[in-house]
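Number of protein chains: 2
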Amino acid sequence: MNGAESLIRSLVGNGVDTCFANPGTSEMHFVSALDRVDGMRCILGLFEGVATGAADGYGRMRDRPAATLLHLGPGLANGLSNLHNASRANSPVVNIVGDHASYHRRYDAPLTSDIEGAARPFSAWVRTSPNANTVAADGAAAVAAAGTPPGRVATLILPADTAWCEVDESNNTTATRPTIVAPERPSEAAIDAAAGILRSGETTAIVLAGPATREHSLELAGKISAATGARLYAQTHSPRITRGAGRVPIGRIPYPIKQAIDLLRDVRNLILIGGKAPVGFFAYPGMPSELFPPGTRVHALARIDQDIPYALEALVDAVGAARAKSPLAPLDLPDRPTGAISPEKLGALIAATLPEDAIVVDESITTGRTFMAASETARPHDWILPTGGAIGFALPVAVGAAVACPERKVICLESDGSGMYMPQSLWTLAREGLNVLTLVFANRKYQILRAEMANVGASNIGPNASALLDLDRPTIDWVALAGSLGVSASRAETMDALSHQIDAGLSTAGPVLIEVVV
Amino acid sequence: MNGAESLIRSLVGNGVDTCFANPGTSEMHFVSALDRVDGMRCILGLFEGVATGAADGYGRMRDRPAATLLHLGPGLANGLSNLHNASRANSPVVNIVGDHASYHRRYDAPLTSDIEGAARPFSAWVRTSPNANTVAADGAAAVAAAGTPPGRVATLILPADTAWCEVDESNNTTATRPTIVAPERPSEAAIDAAAGILRSGETTAIVLAGPATREHSLELAGKISAATGARLYAQTHSPRITRGAGRVPIGRIPYPIKQAIDLLRDVRNLILIGGKAPVGFFAYPGMPSELFPPGTRVHALARIDQDIPYALEALVDAVGAARAKSPLAPLDLPDRPTGAISPEKLGALIAATLPEDAIVVDESITTGRTFMAASETARPHDWILPTGGAIGFALPVAVGAAVACPERKVICLESDGSGMYMPQSLWTLAREGLNVLTLVFANRKYQILRAEMANVGASNIGPNASALLDLDRPTIDWVALAGSLGVSASRAETMDALSHQIDAGLSTAGPVLIEVVV
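Here the protein sequences come in this chain order: A and H. With this note's numbering as the guide, the letters of the first sequence map in order to residues 14 to 531. With this note's numbering as the guide, the letters of the second sequence map in order to residues 14 to 531.
Since the hints were derived computationally from the structure, they do not count as laboratory data. From the three backbone atoms N, C-alpha and C, an ideal C-beta is built for every residue, glycine too. Treat the hints with care, since some could be wrong.
Claimed, not checked - Derived list of chain H stretches under chain A, where covered just means 3 residues or more per stretch with a C-beta under 8 Å from a C-beta of chain A: (1) 55 to 64; (2) 115 to 122; (3) 156 to 163; (4) 228 to 235; (5) 400 to 406; (6) 479 to 490.
Claimed, not checked - Chain A is nowhere near these chain H residues, computed Cβ spacing over 10 Å in every case: (7) P87; (8) S94; (9) G130; (10) D275; (11) H513.
Let's have the full structure, built from the sequences with the hints guiding it.
In structure tokens form, the structure reads like this:
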């Protein structure tokens, strides 16, 4: 058995059964080994960002890692922006990068680069395996690192000779099964302090992040809110929120900084569960970085790496909310709007048509500002947002979410500007027949940047600025683009047409794309 | 005047007149300033790799830098693989990356990352400007760093407040014009040693890299070869070779390692001008890393950062070759092949149809192995290759080459696998009406990897390997893909059809794409 096979056996043995890959020459032994070990599904992305984004989406939905397989420094580089989002989502990802054979590195062949250096800004764990005997144990360590709560990007770099050399059988570590250490509990003092704040009668907001926006945690938070009057907020970009009918509805800190500051203007206490104190997504001249008023008491009840369900259970007990009734969203579907397309009508139509247990991957940006509020009483679903702000995340993450949950419909809400970062994802959707309905909201500009120019006080838009903000000249034909990569597509220019096309898309098992001209 | 405007004035004042950009919120003041300063052409890429690759192509053709404008760490990340190629090509690039306002970084907002850390593996020079007063001088320093021979990637990181704050006029550095230090000359001893080798009568190969593959240097090398019998080789992937009728033809060290070793088997001396001793692009089990026989004397006459034309002139004198006649390629165009498509016929057709002064950007990989040899006697042209091995370079580099040389026809020889890494380039070709004829050789597989599996001794191709190496299921429709992004396209399935379509493409001023089914 060579190192490559020992790696695949180690990954499979540690519960990794999916690999999103774009391999090259230095990874060919891993590719070959995939056919000698049962239990690994291999999915090709035509660009590395598809692979890393898919691993992010898979991790968000499964709470355990998929692997990637990338080709040296440039292959890793192409996957880094989606690893940034995965890092910020605390998604578990085993990011495997091939390198030149260890003895070949010193010759500085053209593809040589500092792979560890490139990986480090976007990985919580980085290791280069020194030889074939260490590969299996290092693979197991990478799975453990990725799966250590709250989830991390673990990058394992494998020189080609670690793959092709034979493993010394007396030293075989493919059966290594590291134990993941359970997250620590927040201290009694932290829980008591939170309870004291909630009993103070002062206006208090609880900011829920990471695992705190999943169904069970939200139910606990709902009890606390019902018992104490505390407001519940998700961060602007949560990795995944369980929501819709029967779930505890929570607010979301808005992206536009003035709206965010207004929302928190009267808050005297912030209790943080799993996240940091809310700050502006960007800095704006003359505006504060912190979104809450000066003098607000900020109490971190539980860090993202602590036991968040426990923290909420303990707080429920501490404030005597065990018998409080969580305010659950009713099922209340809006009528389907007709006529001309508007963002508000789109929100209502999405809410009306979301199927039970849908997974919504949302990069609808300016068009979609109202979509979450509109779908609060839709059928139960999960909502996924771009945690790290790296653009182009939705299509790749939709790939991974659909692979992770083949029985659920994925609704990918994409923008034309953002969608053009990783359009290669469409090909993987088609190849794997993934159950994804993509709506591309085509406003034919970087609308968010037109607004942001005004927000930062740079309001004159001359010919150069226009050239950098507008996406017409030429218009992108999303129907042809999707078709060229094997995805059935149509175009909607009215709500009525869109309504019909969504129905058709939802009743199709494979991928469908609708270009929504807004 | 704010920092952003001072930057643009500094760049324009230092001769940078083109900016390939994909900006975001943190760069909006730079975008705004572009309309307050004359002399900067702004070109939007829908993905950052388009911008960095275009800057590479521009730098290769102009020998002076264009600027980029990228959005924080993830935007930089998306541009890194093409910066790797640019670094390996020694292309001058001023790579500008926005960051959060300096006071905002400590809040660790979602888009925060270690930008310097991400830039360093792919940049020779990295600096973060601390405030608005330093921006102009730092911009000038970046231009100087990029333009210092042989050319470098210089990354300048600009926190948003360095852009929007006013410059203290008493401290205005926009007129800073750093002097670029001329490259040093190789020592007399190095020249004498090279001359001694050439006079020894032993089999000697001269490996020409960097500026040594441009017309004047090649003429000098041709004299040396004519006078001494030394063989001339370009590295496997040169940044730019001046060639065709009237130019000195040189061999190229082949990519396939066995062919490369065979080529150099009888060589006793290697003289390196501008490059390193030839090594395998990858390591292969049981094969050496060095492509030349053990015991070969390797003499580095001139490093890439030294004065290469001087080195060649001095060597011409030292070996008494001043009156030797360089062997120039004749103009000898093959007949246009007809019938079924084959790689050899494609090479002949390209040679027959290359227009005078064409710029060929070649990522044709397996299909194109014979294209360079076939075009040795074509009309005079430049040939550009992927220096760093990062895939997807050809379309973005073609964008930059066409912007740099609007009066010349760019022929982009692309593969279907490689072309799918940065297809967004097609949109920029269309928007700017660039004079680029792209041939996409569609073999519908990663053919190189099928060969490489055998080369590394991993020869069994099972279902998982097939899934990772084949690009059918679904077939990519390049005609529809190009059309969706505004580029006229057609498909050729015979040499006759391709011949007609190339004629039509060459007579069109704007971008045209032909999918060549091979």
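Checked hints:
1. Counting residues of the stretch 55 to 64 of chain H whose CB lies closer than 8 Å to any CB of chain A gives 6, so the stated coverage by that chain holds, three being the minimum.
2. With 5 residues carrying a beta carbon less than 8 Å from a beta carbon of chain A, the stretch 115 to 122 of chain H meets the three-residue requirement, and the given coverage holds.
3. By the rule of at least three residues with a Cβ nearer than 8 Å to a Cβ of chain A, the coverage given for the stretch 156 to 163 of chain H is violated, with 0 such residues.
4. With 0 residues having a beta carbon nearer than 8 Å to a beta carbon of chain A, the stretch 228 to 235 of chain H misses the requirement of three or more and the stated coverage is violated.
5. With 6 residues having a Cβ less than 8 Å from any Cβ of chain A, the stretch 400 to 406 of chain H passes the three-residue criterion, so the hint holds.
6. Only when three residues or more bring their CB closer than 8 Å to a CB of chain A does the claim for the stretch 479 to 490 of chain H stand; here the count is 9, and the claim holds.
7. Under the 10 Å C-beta cut-off, the non-interface status given to H:P87 relative to chain A is violated; the minimum distance is some 3 Å.
8. For H:S94, the non-interface assignment is contradicted: its Cβ lies about 4 Å from the closest Cβ of chain A, within the 10 Å cut-off.
9. With a cut of 10 Å on Cβ distances, H:G130 falls inside the contact zone with chain A, its closest approach being about 4 Å.
10. With a minimum CB-CB distance of about 19 Å to chain A, H:D275 clears the 10 Å threshold, and the non-interface call stands.
11. Distance to chain A confirms H:H513 as a non-interface residue, since its nearest Cβ pair spans about 23 Å, more than 10 Å.
Hints 3, 4, 7, 8, 9 from the earlier list are contradicted by this structure; the remaining hints agree with it.
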